[in-house]
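K.L.:
Listed below, chain by chain, are the residues.
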Amino acid sequence: MAANTGRLLRVNLSTGKVGTESVPEQVATDFVGGRGYGIRYLYEELKPDVDPLSEENKLLLLSGPLSGAGAVAVSRWMAVTKSPLTGAYARSVGGTDFGAWLRFAGYELIIIEGKADRPVYLHLTREGCTVESASEIWGKDTKVTQDWLTEKYGRNTRAVCIGPGGEKLVRYAAIVSGRRTAGRCGTGTVMGSKNLKAVAITATRHLQLFDEATFNELAKEQVKIVLANKGFQNHREWGTTRTQNVTNEIGVYPVQNFRYGQQVGYEEITGEEYRKLRTGKFGCYACPARCGMAHQVNSGTYKGAYSEGPEYETIWAFTGNTDSTSKEASIAADALCDDLGIDTISAGCSIGFAYELYEKGLLTRADCDGLELKYGNHEAMVALVKKIANREGIGNLLAEGVARAAKQIGKGAEAYAIHVKGLELPAYEPRGAKTQGFNYVTSNIGASHCFGYAAQDIFGAIEPRPSDRFAEEENADLVVYNQNDTAWHETGIICAFAGRWGWVDPLFGKLLVAARGIDGLEDKDHLHKAGERIFNLERAFNVREGFGRKDDTLPQRMLTEPLHTREAPGEGQIVRRQDKFLDNYYKLRGWSKQGVPTARKLKELGLDSVTSDMTAKRGK
Amino acid sequence: MSVEINIPQFLQHYASGAKVAEVNGGNVGECLAGLVKKFPQLKPLLFDKSGRLHSYLDVFVNRQSAYPEELAKPVSDGDELHIINIIVGG
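Sequence lines, in order, name chains H and D. Counting along the first sequence from 1, when you hit position 570 you're at 603 in the numbering used here, and nothing is skipped either side. Counting along the second sequence from 1, when you hit position 11 you're at 534 in the numbering used here, and nothing is skipped either side.
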């Protein structure tokens, strides 16, 4: 029996041409799947300097090699493209069960090319793929869109789609499936630029594995390990809705556009307080955690607001940024972001940026359509979410993201734009969690917490060693470890939480061999090397686009202004030795002093073909 | 039994800045009780009102989780304990 490397569906929206290909075995061996497949195809197929919103850009939707079978927490999906927000490589991950359905339709990835001349959606079945008119759903929100597709094609249909935010090219538009999103980097914006409203799949559960019997035995073993893990049990109980308790206590909960590390009155927004509004739980395919916590508002201004969320990042996005402690407003804002299809982190950060500009007098009430952007005013915050998604008034400016908006405003506004490479920062203050901060600096997508999460800083994790969260260049090894670890986990699009439930080390490789039929994938060193290969190829993509050391920097605020932590430890922290960190980090990575992968490193990783692309950039 | 407890950075603030404590005990619970005796402020941060380890904390003995025995997990002379928050991220 031949190796099961996965099938690729290629759709050109300009020509309407649809075709299928098999992934070559060498690609499956070297890049394993998921994020590995994503960067391998994007690097090979995308010319440098392509406008991300042009028809030349490509959008990849990927499932993982273990998705859709009985294994736990491996059925998420991923979008990979060139970001219209950053101009760099983009990868964003979403949940629920679209990843499994993609496998049921017979594919592991879709490459979407070109641009349709009118709004369309794709409909996939095991029999093929058709391009259909989206005239009835263009302009509709993500819930209405998915309901319409289910009504049309039946209950065995799952979809990813964009909302009005993606259609109007908000630069941080999300791709939404169910109520979960691939939120970061504007992957939904690319979808909108192609006039692609949705990808719907109608299929029944059917999956071909290389060795199904062995896979099922291993999956049973995995379930046993997971159910007995304390981390799993805690996650099933809380999801991420308690993380703000921890981050406020240690002074890394960003408040007022990253001026403070602890919010006054955070006792009102603890996980226990959100739990009082919890109405249910939801989750991803074949995962018993069901870690999504649904909340409903039963009284007051936001009465009736219902969200399958917010989780930690979104709780922060709509409390810390505007210094509001209204749980109800955060639920309403989260629901709007999901309906309208925009990233909660970038939206919240852009709103926090506007509030600070208002305080400093760089934006006036007239500039803000009559809204008073005073800290604590959550009603203005919720109003801004709608304006951003619909590009109305001040929302049209904030829809560009903080980096572009600051340039347009001028008058020194750039000092208040909190981003790395154009991607707004998530909910961990870099001055109080410096390993995490330096992950933002060197992540291949900009300031993402999920690209090499520093659990050592935040939770006291001890693998591979504990960190001193105020240390700088001394923690370069941890940043490399966390980033590579994330990269090889994401070859299987393993849930970032489930990857810590004790099963990956003994079982992931064995599951891969049973699914793929490629010997060697069970070898830990091989997987670690694949993670490093993926990370380096992503970096090479960015270098080819003109990124380098000059772009590897935290916002000026973190380098020049002391952090204020109120009652928490860490008062006065500042990032002082970013240059020394970069020197150490590049050395550990085997890159030049300018942050370009060297020929030696590329050869070691089997990426020799990339060397010529780097030659022109090296040392500049 | 003399064991070494590594106090995580998120608790050092409540332990007079100490990073490590030497304590005596035959199991994890006795060792943590010894830690609390040295640094009483840690008690509510480690245990809930009924005296159980908080559901969001995990103790590692020689880099292996003590769960499910947890406080009853035996320790030996020279063992190394770490206290961590359950990793949930966001």
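Misleading hints may appear alongside valid ones.
Here are the simulated DSS-like cross-link-like pairs (lysine-lysine), alpha carbons at most 25 Å apart as the crow flies [claimed, not checked]: (1) H:Lys583 <-> H:Lys543; (2) H:Lys257 <-> H:Lys185; (3) H:Lys634 <-> H:Lys80; (4) D:Lys572 <-> H:Lys309; (5) D:Lys566 <-> H:Lys257; (6) D:Lys596 <-> D:Lys560.
Pulled a few chain H residues facing chain D out of the computed Cβ check, cut under 10 Å [what the hints assert, rightly or not]: (7) Asn278; (8) Tyr339; (9) Thr347; (10) Tyr461; (11) Ile491; (12) Gly493; (13) Ile495; (14) Glu507; (15) Asp510; (16) Tyr514; (17) Gln589; (18) Thr593; (19) His597; (20) Ala601; (21) Gly605.
What the hints contain is simulated information worked out from the structure, not anything from laboratory work. Virtual Cβ for every residue (Gly too), placed ideally from N, Cα, C.
K.L.:
It remains to establish, for every hint, whether it holds in the given structure.
P.N.:
How the hints compare with the structure:
Taken as a hint, the H:Lys583 and H:Lys543 pair is broken in the structure, with Cα atoms around 41 Å apart against an allowance of 25 Å. Our distance criterion of 25 Å between C-alpha atoms is broken by H:Lys257 and H:Lys185, whose separation comes to about 39 Å. Our distance criterion of 25 Å between C-alpha atoms is met by H:Lys634 and H:Lys80, whose separation comes to about 23 Å. Our distance criterion of 25 Å between C-alpha atoms is met by D:Lys572 and H:Lys309, whose separation comes to about 20 Å.
Distance check on the hinted pair: D:Lys566 and H:Lys257 sit about 33 Å apart at the alpha-carbon level, beyond 25 Å; violated. Restraint check for D:Lys596 and D:Lys560: the C-alpha separation of about 20 Å stays at or below 25 Å, so the hint holds. Because the closest C-beta pair between H:Asn278 and chain D is about 8 Å apart, less than 10 Å, the hint holds. Interface restraint check: H:Tyr339 against chain D, minimum CB-CB distance 21 Å, threshold 10 Å, status violated.
Residue-level restraint check for H:Thr347 holds (minimum Cβ-Cβ distance to chain D is 9 Å; threshold 10 Å). For H:Tyr461, the interface hint holds, the least distance from its beta-carbon to any beta-carbon of chain D being 8 Å, beneath 10 Å. Nearest Cβ of chain D to the Cβ of H:Ile491: about 8 Å, under the 10 Å cut. The hint holds. Interface restraint check: H:Gly493 against chain D, minimum CB-CB distance 3 Å, threshold 10 Å, status holds.
Hint on H:Ile495 holds. Least Cβ distance to chain D is approximately 5 Å, under the 10 Å limit. Among the interface hints, the one on H:Glu507 is violated; its C-beta lies about 14 Å from the nearest C-beta in chain D, farther than the 10 Å criterion. Interface hint status for H:Asp510: violated, as the beta-carbon distance to the closest one in chain D is roughly 17 Å, over 10 Å. Taking 10 Å as the C-beta contact cut-off toward chain D, the hint placing H:Tyr514 at the interface is violated, the least distance being around 15 Å.
Checking H:Gln589 against chain D by beta carbon gives a least distance of about 25 Å; that is not within 10 Å, so the hint is violated. Restraint check, H:Thr593 versus chain D: the minimum CB separation of about 25 Å is more than 10 Å; hint violated. Because the closest C-beta pair between H:His597 and chain D is about 16 Å apart, greater than 10 Å, the hint is violated. Interface restraint check for H:Ala601: the shortest CB-CB distance to chain D comes to about 8 Å, inside 10 Å, so the restraint holds.
Interface hint status for H:Gly605: violated, as the beta-carbon distance to the closest one in chain D is roughly 15 Å, over 10 Å.
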